[in-house]
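What follows is each chain in one-letter form.
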Amino acid sequence: MGQFIDYKNDEHTRFVELLQDSISFSAREKAFMIIDFHRYNQIQKQKLVKALESDRRLIKDLEHEYPEEYAQREIRSKKAWIFMLERLAEYIQEQKTRQAKKFDYEELMKLRQKLDQD
Amino acid sequence: MVIDKQAKIIFDEETAMLDQPQGEGREALDREQGADEAVEKAAERMRELSRPETWEREIQENLEQAGRDLEFAKTSLQARVGVAEATGELLGAKVSAEEIAEAQEKMQQVRQALEKIKAMDLRQVSRSAAEGIKQFVKDNMLTLSPLLIGPLAALTGGSVGIAVQASLELTAGMYALDKVLDRLMDSAEEIIPPQYFVALVAGTTNLAELGTSQAAAFAGDSISEVASTPLGSNPTNLYLTGFALMSAMKKRAVAEGIIQPGEKLGLLNIKKVLKSIDWKSVKEQGGSASLFALDALIFQFYVRPEMKKANFIPFAAWSAINAPIMFEYFRRTTFSRESQVGNYAESIGEVQSAQLQQVMFENQEGASCLFELLESIQLYKGTEDKKERKELLAKLRSLTKNLQTRVEGDGNFRRAVQTATAGASMEDVQKFLKIAGVGEKMDVLLGVDEAQINEATEAGLRLGENPKHADASRAFIGIISVLESYKTAKTKEQKQKAKEKLEQAYYELDIEMQWDEEFAVAVENSLADEKLQDVKKAIDYLKTGKQSDDSIFEKIDNLGVLQIRNLQKFAQITEVRSRDRVEKIQPFVAVMSQIAAFRRAKNESRKKDLLYDIKLKLDHLERRGDLDEDFAVVKEQLLAAEEMAEIRELIKLRATGNELEDKLTAGDFKDASFALSRHQEVHAELAPKIGELAEAIQTLHGLKGEEKIPEVERTLRSQIKDVLSELGKKMQEAEIVEQEMGKILAVGGGEPVKNLIEMNLARQKKIKNVATIAGGIAALMGLSVVLDKGVTHMAESVDWLGKGAAGFFIMSFLTSVGEFLTTKKFFQRGEDRAAVKNIADSNAINIGLAKCAVASSAIRSLFV
Numbered sequence: 001m002g003q004f005i006d007y008k009n010d011e012h013t014r015f016v017e018l019l020q021d022s023i024s025f026s027a028r029e030k031a032f033m034i035i036d037f038h039r040y041n042q043i044q045k046q047k048l049v050k051a052l053e054s055d056r057r058l059i060k061d062l063e064h065e066y067p068e069e070y071a072q073r074e075i076r077s078k079k080a081w082i083f084m085l086e087r088l089a090e091y092i093q094e095q096k097t098r099q100a101k102k103f104d105y106e107e108l109m110k111l112r113q114k115l116d117q118d
Numbered sequence: 119m120v121i122d123k124q125a126k127i128i129f130d131e132e133t134a135m136l137d138q139p140q141g142e143g144r145e146a147l148d149r150e151q152g153a154d155e156a157v158e159k160a161a162e163r164m165r166e167l168s169r170p171e172t173w174e175r176e177i178q179e180n181l182e183q184a185g186r187d188l189e190f191a192k193t194s195l196q197a198r199v200g201v202a203e204a205t206g207e208l209l210g211a212k213v214s215a216e217e218i219a220e221a222q223e224k225m226q227q228v229r230q231a232l233e234k235i236k237a238m239d240l241r242q243v244s245r246s247a248a249e250g251i252k253q254f255v256k257d258n259m260l261t262l263s264p265l266l267i268g269p270l271a272a273l274t275g276g277s278v279g280i281a282v283q284a285s286l287e288l289t290a291g292m293y294a295l296d297k298v299l300d301r302l303m304d305s306a307e308e309i310i311p312p313q314y315f316v317a318l319v320a321g322t323t324n325l326a327e328l329g330t331s332q333a334a335a336f337a338g339d340s341i342s343e344v345a346s347t348p349l350g351s352n353p354t355n356l357y358l359t360g361f362a363l364m365s366a367m368k369k370r371a372v373a374e375g376i377i378q379p380g381e382k383l384g385l386l387n388i389k390k391v392l393k394s395i396d397w398k399s400v401k402e403q404g405g406s407a408s409l410f411a412l413d414a415l416i417f418q419f420y421v422r423p424e425m426k427k428a429n430f431i432p433f434a435a436w437s438a439i440n441a442p443i444m445f446e447y448f449r450r451t452t453f454s455r456e457s458q459v460g461n462y463a464e465s466i467g468e469v470q471s472a473q474l475q476q477v478m479f480e481n482q483e484g485a486s487c488l489f490e491l492l493e494s495i496q497l498y499k500g501t502e503d504k505k506e507r508k509e510l511l512a513k514l515r516s517l518t519k520n521l522q523t524r525v526e527g528d529g530n531f532r533r534a535v536q537t538a539t540a541g542a543s544m545e546d547v548q549k550f551l552k553i554a555g556v557g558e559k560m561d562v563l564l565g566v567d568e569a570q571i572n573e574a575t576e577a578g579l580r581l582g583e584n585p586k587h588a589d590a591s592r593a594f595i596g597i598i599s600v601l602e603s604y605k606t607a608k609t610k611e612q613k614q615k616a617k618e619k620l621e622q623a624y625y626e627l628d629i630e631m632q633w634d635e636e637f638a639v640a641v642e643n644s645l646a647d648e649k650l651q652d653v654k655k656a657i658d659y660l661k662t663g664k665q666s667d668d669s670i671f672e673k674i675d676n677l678g679v680l681q682i683r684n685l686q687k688f689a690q691i692t693e694v695r696s697r698d699r700v701e702k703i704q705p706f707v708a709v710m711s712q713i714a715a716f717r718r719a720k721n722e723s724r725k726k727d728l729l730y731d732i733k734l735k736l737d738h739l740e741r742r743g744d745l746d747e748d749f750a751v752v753k754e755q756l757l758a759a760e761e762m763a764e765i766r767e768l769i770k771l772r773a774t775g776n777e778l779e780d781k782l783t784a785g786d787f788k789d790a791s792f793a794l795s796r797h798q799e800v801h802a803e804l805a806p807k808i809g810e811l812a813e814a815i816q817t818l819h820g821l822k823g824e825e826k827i828p829e830v831e832r833t834l835r836s837q838i839k840d841v842l843s844e845l846g847k848k849m850q851e852a853e854i855v856e857q858e859m860g861k862i863l864a865v866g867g868g869e870p871v872k873n874l875i876e877m878n879l880a881r882q883k884k885i886k887n888v889a890t891i892a893g894g895i896a897a898l899m900g901l902s903v904v905l906d907k908g909v910t911h912m913a914e915s916v917d918w919l920g921k922g923a924a925g926f927f928i929m930s931f932l933t934s935v936g937e938f939l940t941t942k943k944f945f946q947r948g949e950d951r952a953a954v955k956n957i958a959d960s961n962a963i964n965i966g967l968a969k970c971a972v973a974s975s976a977i978r979s980l981f982v
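If you're matching them up, the sequences are chains Z and V in order.
According to this note's numbering, the first sequence holds residues 1 to 118 in order.
According to this note's numbering, the second sequence holds residues 119 to 982 in order.
Don't take every hint at face value.
Quick partial rundown of chain V residues pointing at chain Z, CB under 10 angstroms, derived from the structure [claimed, not checked]:
hint	residue
1	Q196
2	V199
3	E207
Negatives, chain V to chain Z, calculated, CB over 10 angstroms [said to hold, decoys possible]:
hint	residue
4	F479
5	S486
6	K615
7	D840
8	A976
Calculated cross-link-like contacts (lysine to aspartate or glutamate; reagent style DMTMM-like; alpha-carbon spacing at most 25 angstroms) [unchecked claim]:
hint	chain 1	residue 1	chain 2	residue 2
9	Z	K50	V	E233
10	Z	K50	V	E464
11	V	K212	Z	E53
12	Z	K60	V	E747
13	V	K192	Z	E69
14	V	K192	Z	E63
15	Z	K50	V	E217
16	V	K212	Z	E65
17	Z	K79	V	E220
18	V	K224	Z	E69
19	V	K192	Z	E65
In case anyone wonders, no lab produced these hints; they're calculated from the structure.
Glycine is no exception: its CB is placed at the ideal position from the N, C-alpha and C atoms.
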C-alpha cells in the first residue's frame, strides 16, 4: 500500500486507519479510495478525512444502539479489508510487471532508433 | 482410569460409528431420518403459520430488522455522500450533486414506506394472513392429503423415505394437475367441441394405465393378469364420481351464486346445489359408465378365471360383444353430430328459448320452423319416457334440417337468426346451432334473396347509364342473373353447372374492373349499399373462393379497388396529421422535461433558472393557443384529459411566483407525464406504422396470379403480421393508446386496418389457446405418469395398503386420481354431462386398453 499512501504523513495514516475501521464502504470502494488518494489535492484529502471521521462518530452511535448488528458487520468488514489488501497487492504486482514491460519496450525502441541512425 | 478429553471424543465418535449401519443400509436410514424430519418440520411450520401470533411476531421481527438495516444503510449512504462531496467521485467515477440528492431522496422514500408498514394494524394483518393459510389448507385439503403418507408409514412401521417420496410425487402431481386442468379447460372452451375435449382428457389421464399394462404384457406377466390394471379402475371410477361431486360442492355453490366465497355451505345450500345438477345427463352418462364397470367385473370374475385355465373362448366372446358397444358409445357420445343434437338441445334453458322466441317474433314473422324447433326442444327436455324421447329426437333432427334449409335460402332470415343468437347469454343456443349444422357450410351464393337480386339488377342498369360503362355493366348484370339461376337449380348437376357459369361471369367482371378502375370503383360503390350485403358477400366469395372473414390474408385479397385507394389516402392523411400532432405535442413535452429537471435540482440558483424557463414555456403554450387555431384544438383535447389536471393547474398559476413553485415541488406529475409519452408514442411511432402497413397491403393485394413471387409474398405477409401484432399489442397496453389509435382509425379508409388488427388479436388468442392445449395435454401425460409412480411408491411404503377395505379404497382412489380431479373440475364448472362422460369415456378406454394388453401378451408369447 506504500505505493499510494505516505505513512510518514499523519493525515495519510489517519485516512487509512479510519478507512480500515469503517463499516460503511465495500471492499471495492475502499480499494478505489486508496488507489486514488495520492491524486487528490490537500483540500480534498482534508475533506475526505473529515467525512470519514463523521462516519466513525455516526457508527459509534449505532454500535451503542445495536451492538449485535454492529458486531456482525464489523466481522464482515474486517474480512473484506483483508481480502481487499490481498487484491491490492496483486494489483500493485501487476502494475509493476506492466511498468517493467513498458520500460523494456521503450528501451527496445530507443535501441532500434539508435541502430537505425547508425 | 483417567481418560483425556480428546481421546474421549474420538472414542465416543468411534462407538457411535460402530452403532450405525454401514453402506446402503446406513444411507437409507439417514435418508429416512432426514425425510422424516423434513416432513415433520413442514407440518410444524404449517401449524405455526396458521396462528396469528406467529405472523404478528415474525412480521414485527422482520420490521425491526429492516429498521436496523435501514439505520446502517443511512450512515453508509451519508459516508458515501461525504466522500463524493469531498472528491467529486465514487468508485473512480464522477458523481454529480443531483445524483447524490436522488440517492438521498430514494432512501427517504424507503424510510417512509417502512414507517407506513409499521403504522399498520399488525394484529389485523396477522389475523388475515393466518386465516389465509388456514383457508389454503382447507381449499387444498385433498391435494395436501398425501403429505400424511409419511407419518402413516412411520406409524405402521413402513419405509418413511419412500413414503416421503410418494407423498411429494402425489401432492405435487395432484396440485399441478388441478392447475393444468383449469388452464386447459379455459383454453379448450372456444376451440375443441366439449365431447372431443372430454374424450381427449380421459384418454390422456389413462396413459399411465396404457404404459403399465403394456409393460406388464412385454415383461411376460401372465396373459390373464395383464388386463387387470386398466379394468380394475372401472368400478372405482363410479364411486369416485360421487366423491368428485361431493368435493366440488362448495365451488359449484359459489359458481352458481348460491353462496358467497368464504361462506359456509349448509345443508340447505347443499340441497340447492343438488337441485342445480343436470341429473338427466348424469344418469345417462352414469348408465354408460356403469355398463363398462359391469363389463370389467364380468372380465374379472368370469373371463379371467377361464383364461387362467387356458380357455380363451369367454375372452373372445367378451371382446366380440363389447367391441360394437364401445364403437356405438363413442359414435353416439363423441363422433356423431346427429346424436349430439339431443344432448346440446337439452342444455338450452327455458329463459334462452323464450328470449329467442321473443326477439325473433319482433324481427321476423314466419320463423315458424325455429319456433317449432324450440317447442320440441322444451318437450324433449321435459319428458322421461324413452319412446317419446326417441320420437322427439327424430323430430328435432328433421326440424334442424328444415331450419338449415331455411337459413341457407333466406338471407334476411339468416341475418335475423344471427343477430338473435349473438351474445354470451345465447352460448348454449350457438353451440346447438353449430352442432346441428345450421349456419355452418352456409352457401353464401344462396344467401342472396329475391329483393337483393332485383336491387342489384337495378344497380347494374344504373351502372350502364354511363356510356363508358355500358359494356362492362353487362358483366355485372350477368353475374346477378346467373346467381338467380344458381338459386333455382334443383339437382346437384344443375348447381354445379350454374356455379361454373358464375365463376366465368365473375372472371369477365374482374377483367372489366381491372381494365377500367373507374368502373371498379362504381361497382364497389354500388355494393357498399346495406341492401346489397349478401350480393357483396357472394361476389367476394367468387373472387377468392372463400368467405372473406376466414383469415387476414383472405380479407386483404377481398379488398376492393376503392378500399385500397381509400386506404392509401388514409395512410397519407394519417402521416401528415401525425407529424403535425407530434410537432404540437412537443411544447407540452418540453414543459414536462423542465418540470422533471426542476424537481431534481437541489441548487437554488438552478431552480430559479428552471422556474423562469417553465413560466416562459407555459406562457408560450397559452400564447400559441391564441394565435394558432389548430394548436388550440390539440391543446384543448390534451388538457381535457383527467391525467392532465396538474398541467392545467400550472397554466393557471403561471403568473404567480411562490404558488407555482409550491405546485411544482408538491404536485404529482406522473400521470401527465405518462399520458404525454403515450400520445407521443401513438403519433411518432405507431401512426407511421400504419403507412408501412397500408403500403404492404397494397403491394400484396396488387400481386396477381402469375405475377406472384413466393419470397415477396412471404415477406409482405410477415411484415403485415408483425405490424398488426405490434399495433394490437400496444393498443392493449394502455387505454390512452387505444383511444388515440381508435380516433386515427375512425377516419374514412381506416376501417380495413381496424378490422385487420382485431382479426389478428383474435388469431393470436386462438394460437395461444392452441399452444396451451398442446402444452396442457403434454403436461397431463407427464403428470399421469408422476401420479402413477407416486401410487407405486405409496404401496411400497405402507405395508397394509395392499390389504383390507381401507387400503383398497385409498389405492383405487389414487390410481384414478386423474379422472377424479377432471370430473371434479367439470362439476365445479357446472358441466355435469362432461363430468360423468369423462368417467364413462375413461371406463370405455380402459376396456380397449385391456384388450390391447392381452393382444400384446399374445404377440409376445408367439416369439418368446
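(request) Enumerate the violated hints, using their earlier numbering and listing them in ascending order. (result) Hint check: 9, 10, 12, 16, 17 fail, others pass.
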